[in-house]
Every structure is written in structure tokens, then in C-alpha cells.
Amino acid sequence: MLKISNLQKTYSSGVHALKGISLEIPPGMFGLLGPNGAGKTTLMKILATLLEPDSGAAEMNGIDLIDAKAETRKILGYLPQDFGLYPTLTAFQMLDYFAKLKGVTNKKERHSLVDALLEKVNLSAERNRRLGGFSGGMRQRVGIAQALIGNPDLLIVDEPTAGLDPEERARLHNLLAESAGENTVVLLSTHIVSDVSNLCDRFAVIRRGEIVAATSTGAALKQLDGHVWEATVPREHVAHLEEVGKVISKQMAGGNTRVRILSENGKPAAAFAPVPATLEDFYFTVVNQT
Amino acid sequence: MRRFSAIAYNEVLLNSKRVAPYVVAALCAGNAVLWWGWGPASGRGLAVNSDLFIYGVLPPYSFLFLPLYTSLMMADPPIRDLREGITPLIFSKPITRAEYLLGKFSGNFFVLTCCQSMFVVTLFILQWVPKHGVTVLARTQFLAYPKHFLVMVAISHMFLAAIYFTVGTLTRNAKIVYGLGIGFYPLYIGYQVILLKRLPWRLKLALDPLVMNRGGVDSGEAFGPNAIRRHVPELLNQLVVVYDTDLIVNRVVMILLTAICLTILYRFFSTTERAGKLEKLTVIRLSTAAEGVYYPDPPALVLDESEKRDDKTSRTPVALPEVSSTNEGIRATLNKLIAAIGVEFRLLRAERSLVVVAPLSIFLCLLEVAFYPIHEDVSLSAAYASNTATSLLIFLIGMAVFYTGEAMHRDREVRIEPFLWTTPVSNSVLILSKFLSTLLLLFALIASVGVAAVAIQVIRAHTPVDPAAYLKIYGLILFPGAFILTAISVMGNVVLRSKYVFYVVSIGIASGLFYLYTSGHNHWLYNPVLYRLWSYADLASNMKAIVLYRLGWLAIAGVCLMLAHLFFERRSRRKLNLPLPFALG
Chain A
2 MLKISNLQKT YSSGVHALKG ISLEIPPGMF GLLGPNGAGK TTLMKILATL
52 LEPDSGAAEM NGIDLIDAKA ETRKILGYLP QDFGLYPTLT AFQMLDYFAK
102 LKGVTNKKER HSLVDALLEK VNLSAERNRR LGGFSGGMRQ RVGIAQALIG
152 NPDLLIVDEP TAGLDPEERA RLHNLLAESA GENTVVLLST HIVSDVSNLC
202 DRFAVIRRGE IVAATSTGAA LKQLDGHVWE ATVPREHVAH LEEVGKVISK
252 QMAGGNTRVR ILSENGKPAA AFAPVPATLE DFYFTVVNQT
Chain B
101 MRRFSAIAYN EVLLNSKRVA PYVVAALCAG NAVLWWGWGP ASGRGLAVNS
151 DLFIYGVLPP YSFLFLPLYT SLMMADPPIR DLREGITPLI FSKPITRAEY
201 LLGKFSGNFF VLTCCQSMFV VTLFILQWVP KHGVTVLART QFLAYPKHFL
251 VMVAISHMFL AAIYFTVGTL TRNAKIVYGL GIGFYPLYIG YQVILLKRLP
301 WRLKLALDPL VMNRGGVDSG EAFGPNAIRR HVPELLNQLV VVYDTDLIVN
351 RVVMILLTAI CLTILYRFFS TTERAGKLEK LTVIRLSTAA EGVYYPDPPA
401 LVLDESEKRD DKTSRTPVAL PEVSSTNEGI RATLNKLIAA IGVEFRLLRA
451 ERSLVVVAPL SIFLCLLEVA FYPIHEDVSL SAAYASNTAT SLLIFLIGMA
501 VFYTGEAMHR DREVRIEPFL WTTPVSNSVL ILSKFLSTLL LLFALIASVG
551 VAAVAIQVIR AHTPVDPAAY LKIYGLILFP GAFILTAISV MGNVVLRSKY
601 VFYVVSIGIA SGLFYLYTSG HNHWLYNPVL YRLWSYADLA SNMKAIVLYR
651 LGWLAIAGVC LMLAHLFFER RSRRKLNLPL PFALG
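Chains A and B, in that order, are what the protein sequence lines are. Residue 2 is where the first sequence starts when you use the numbering used here, and the numbers rise one by one after that. Residue 101 is where the second sequence starts when you use the numbering used here, and the numbers rise one by one after that.
Bear in mind the hints are in silico, worked out from the structure with no lab data behind them. Glycine included, each C-beta is placed from N, C-alpha and C at the ideal position. Hints should not be assumed to be uniformly reliable.
To be verified - Going by beta-carbon spacing under 10 Å, a handful of chain A positions derived as facing chain B:
| id | residue |
| --- | --- |
| 1 | 87 |
| 2 | 90 |
| 3 | 107 |
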């Protein structure tokens, strides 16, 4: 169990990035959703021992993540949002190096581990190719592979699918789902709702440095059940609909506008029909609340 | 024209927010102060605001450091755009390649010229500053400064700037340009000695990009100490320099060469991704989206047979083998340190600048012993070893500063720092791996010079070879010197947090110290490399004292490493890190 209590962080520029974050995260995959600039990466960096919080605590399996950084690094796997690789090293050399740094001293064991990792991320054929020639998706897979070395108890992945094409996203989803062991906490930070809906049982929404929702996907959907309505209406009627409910999304459809509305007071207008709620509905509702 | 101006203006704006132009400008101004107060005119009656002085001082000024500054400023303007991913944004606007390249070149060259002109601006201001031994004409000079600067410096460096800009843009590697900047000196000297020296003087004038030969030709060495001694200063102070046809031809040739250089660049410039970096496999082939059990809408892709085979093989999740890991104790730390040194050394060897710097430094260190008579003092081997060791010291300083900076900041530059800093590796491993790999590189250089010196000694039949002389000199002077310099550089980079700031600080401190050493203030306490503080005879007769000096400095180097560990940015605890000895293991 990862316990975060009252984490606060203000940068020297005056930006109040975290305003007392508290969370309890059980083993399994946990999503951290939020718009850009919400404080996700700050939180991830603090948990990954890269940033010092102003106050607060974080603890996992009895290890103080803030003070006992050396201990934390032994149980940690981290894939940052923005990273690079030594372009002159090959994929095998790079992973072998990280395995050594993570304390895998036995050469035979280490090589079999690196081979398995390359196989897992489908880069076996590229093992002796220099990383400088890898595509974005392939780099991301090398990043995931290095994070998995040493079977970490806490796996932190920060925006792993940003900028990837749908196929690479699907591949990363699979890798992450496979990586979530029984006792592993996988903390997935993202601003893409489908990442969370595809992978996580539980998630939290962070906005302007505060947790505004922490729940399970089931509970989130249940909360909106029967309150989401959809209709295709002429464009000029859309402005009027803002008054009868909370507009969650608008899409163009054949010259008209398809509108999804959250209305807790029943049918907003004759043209509307109830539709099953999605996690996106929940996210937009929570993020846009004043 | 408007788009060209916009690009040029933007370059000026970008440069105004960088540190380098201000540093270059300050160094140029400092240079002017030295020429003014302590130059060849000082104490000899030649006025520092006379036309002849201003005209004569500019070619050596242009030669001394400016090629380095020019390479620094002109190496990477388009590379920066490519690196930051701005190029596609720029070329999605109606901008031609010519406008882009010319705008970039002009903007940066303008900034460079402004920085270089600080030399004449400072000389201009110093007309009103009184100093003992410095003669100033009562008549204030105005036009002579900009006129001579534009003719003697700006045009010369426009040509160099065009070469550096072209090489940097076409190779997309700024380090090659920096190498060229360093390599300019031996190339130019070689060009003067081997080619120009044999040509008729008019051709010699026309083909000299820095117009260094003019003083010796048109006025019987009109400028310089010898000329000042020969002529009455009052007469020299009244001379007005008139540009002759030869000089005008030379300047026109330089402008034409600049235009040719930029035309070549325009012809070969491309914004497309380099073939070597292109992905040879398509994304579809690498994808196994069809296996996506967690993804609701697998995209409808048509895969060929080989791709389907890939799918089948990767359908079963791969289980990772159980491995044992050891993170505690000295042995684990040592294993990690060895692994890190291996990688760091491999990365250092991959530095492209090394291709130029290493052979160049070896060549220059061996130049004297290879081609000039050797004065035997104690023994020939001692003379060979002493000679190469003295020459190598200067390169060791430069390489220690430069490559330690590269090693210390590489992880941040390639954005791999978050990976490394979240592994269970102590800070001591991270710092020492960079320190020791740089040291290994310097030791390899020292060893190469030693082996080559022995080989030359044998080839020139200056036998017998006395290995003890080499071991004694290299072991007591060079190896400890490299150790100390690298340790200081590690600390400097950690404390200052920027390799560029450290380069500037190092150049400043090194220049100051060498000035002190050459003006007679020399002591081992502030001379870590024992420059001019030893001879082979001392090593034989007074070895104990020299060993003690070295041990003293090695202890200081140890303190530097401890401070580096203490202030290292990566924290292992909330407050400061533990000093190095307590952190090992």
C-alpha cells in the first residue's frame, strides 16, 4: 500500500504545484488523471525521489519515500514523461547497464533478464542496434523495460502514451497490465482518459494541485448512471442547452451538433435520450466543476 | 526582405538572452585593456590612439582568440532549431531556404561583430584614461576605430563565420565546428609557413584571410617592437594608414569566398531527417495492436504474413526470470562503479571532438622533439620527457575542463538523468564514474604521448632510452596533474551547475594564474600542475619536496571530490549529502 499524506510543493517561481495531496493506493494499477499543469508530474517526481516536497509524507511498505531515498530507489521503477537514452549505446548495452546499476551482479542472470525484457517489449531483433536510431515508440518500450528491472514494488509511469500512435499505445497498455504484479503498485499518470479506463480499477483526478476525486472506475460510472443524456440538435440551440444542464461534450454531426449533457433533474429536453455514462463524462464533470 | 529581417532580428533577440555573447564581449574588452596598458606600445612612446597603433593591433587581436569565439557563436544556429523541433514550424510558413539561412547567418554575425567590436569600443574609451607609460595623442580619434575594425577584423571573421556556419549546418554537429575553431590555429600557422611563405608578396597579401602579413610588407614591419625601436615614435604617431590595392583585393576575395561558402550551404541545406536516423521498420510492423486484450477498439490494420507471424510469437506474455540483486556493501558499490566507468568511458570515446583534439594535442606535444634539435641536459630521455610533459600540461588543462564538463552534464543533456537518479546507486558512484572515466582518458593521452616520444627518440637514434626518466616525469608531474585538474573540474561543475559557466571561470582563472606565473609570482600552493616549478635535475635531487607538493595537492583534490559529493544536486537525504568517504558503500 502506498500512502501519501498532505504533500505540498511550491516552486521558487511561486507556482503552488501541490496543495496538500493525500491518497491511499492499494497494489494494482492506479490512474492519476488530470489536465496539463495539474501537478501530476510534480507528484510523480516527488515519489520517484527526484524532487523534495515542502511538507507531507509518502510511505510504502514501511519505507519513507521522502527521507529514505536510497531505500526507496531499491523498490522503484520509474518511467518519466520526458527522457532520452545514450544514442551511441545499443538496446542490450543500455538495459545491461541499468541491470548492473540495480544490483543484478550475476552476469548469466543479468543477460537472461535483459534478453527476456527485450523479448517482452518486442525489441529482441533490435538488441544490437544503437538507440540513436530508435523511433519514439521503441524508445518508450526501452524506457518501460528499464523500469521493470528488479521487479519493482512501486512502478511509476508518467504520461507513457503521450505522443504515441494508437498501436504503440495499445502495446504499452498491454505491457503495463502484464507488469502489475500482485504486490506491485503501478501508478499511471496521464491526461488521456482511455488509458485509465483500459488499465486501472482505481484512479484519482488531480486539478490545480488538489485531488478532486479518488474512486474506482465502477463507482465513478455508477455515480453518473442515469444522469447523462445525449441528443443531436441544431447548432443554434446549443447555447440554450447550457441553461438546462452541464454540457459535457459537443461534436459536429452532419451539420448539427451532438451534445452530451449531465442533468440530475431528469430529461433536459424532448430530443434527449439517456446514454450509459463513460469515464470521460466523469472526468470532464469533475475537472470542469467550479 | 521582411521575412529575412524577421529571422535575423529573432537571432539577435535569442542571443541577447544567452550568456555566451556577453562573455565574449567582456573577453574582447579585457583584451583591449591588456593591449592598451601592457601591449607593445606601452612605455615606448607610441600613442595608443594613433592610426598606426589601431591599425596594427587589430590583426593579432583578430588571430589570438577570435577564431574560437567565432566558432562558438556561429556553430549551431540552425542546429538549435532542429534540436528544439522549431524548423518544421518555421518552414510551414512562406519562408525560402535563402531567407532562412541568410537571416540566421546575418543575425548571428551581427551579434558576433558587436561582441568583437567591444575591443575597439574599449580602446576608444581608454583614450581618456591616463596611465603611466601609456602615450595618448591630444587629438581624439573617432572614425579610425570603426573603419579599421570593419576592414581588418569584421571582413576576416565574416569568412570564418561563413565556414563555421556552413560546416555546423551541414553536419548538424556543433562539436565539429568547435574542433575546427581549435584546429584553426595549427592550420593557419601551417598555411602561413608551408604555403604563403613561398609565394610572391602580392599573392601572400591577397591570400591571407587575417591580413597578418601586412605589417612586414608595406612598411618594412611598420608595427611591432622592432619597428617602434627603429623609428621615432613621434613620427609613427603622425602616420595615417591608407588602404592600398592589395588590401582591397584581399578584402574583396574574402567577401567573395564568404558568398561562395554560403552558396554551397544553400545548395546542400535540407531540413529533412537524416537517412541514418530514419526508422527502417514501419510502425505497423512493430505493432501488435490486434493482440490488445485491454484495448477496446483495435484499429483495423491489414498485416502481411511476416507481421502475423510476429503477432503469434508475441501473443504469449513473456515472464521475466527471477534474479538476485545486491545493493548493499562496498562490493556492490564497486561493481556498480566499474559498470558506470565502462559506460562513461565508452561515451567519452564517442565524443566527436576527440577525433580532432587527441591527435592534434599529441602532434603539437611531439612537434619540438620530432623536428628540432634536442638539448641534452641530464639525459636525452629526460629532455624528451621534460619537453613533451611541458607541452602536454596545457592540453591536459583544456581537456580536463572540457571533457569533465561533458561527462558531468551529459546525463542532463540527453535527458537520461531521471533513469539514473532513480536507480539504487549512490551519488559517489555517479560522481566517481565521471571523474575516473575522464581521468582514464587523460591517462590514455599521456601514455600515447609517452609512447610516441619514445618511438621518436628511437627513430632519431637518440638512444639509449631511459624509461625511468619518463616514469619519473610523467608519474610525478603529469599523472598527478591530471588527477588534480579533473577533481577540481568535477567540483566546479557540481557547484556552478553549468558547464559553460565553468568553462568561462576556468579560462579566467587559468589566464590569471598563468599571468602570475609568467610575471614571477609562482608557488606550488597556487600552481597545481607545477608549471615552471620543476626541472629533471630537481626531480633527481629534490624528489622528496616535489612528492610532498604533489601529495599536498592530491589531498586538495580529494577535498574537491568530497565537496562535489556534498553539493551534488541529487539528494540521498533531505538536507546535504554525506561527504564522500562516509557515503561509499
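Going down the list of hints, with the structure as the test:
Taken as an interface hint, residue 87/A checks out: its beta carbon lies about 6 Å from the nearest beta carbon of chain B, inside 10 Å. Interface hint status for residue 90/A: upheld, as the beta-carbon distance to the closest one in chain B is roughly 7 Å, under 10 Å. A cut of 10 Å between beta carbons decides the hint on residue 107/A: the least distance to chain B is about 7 Å, and the hint holds.
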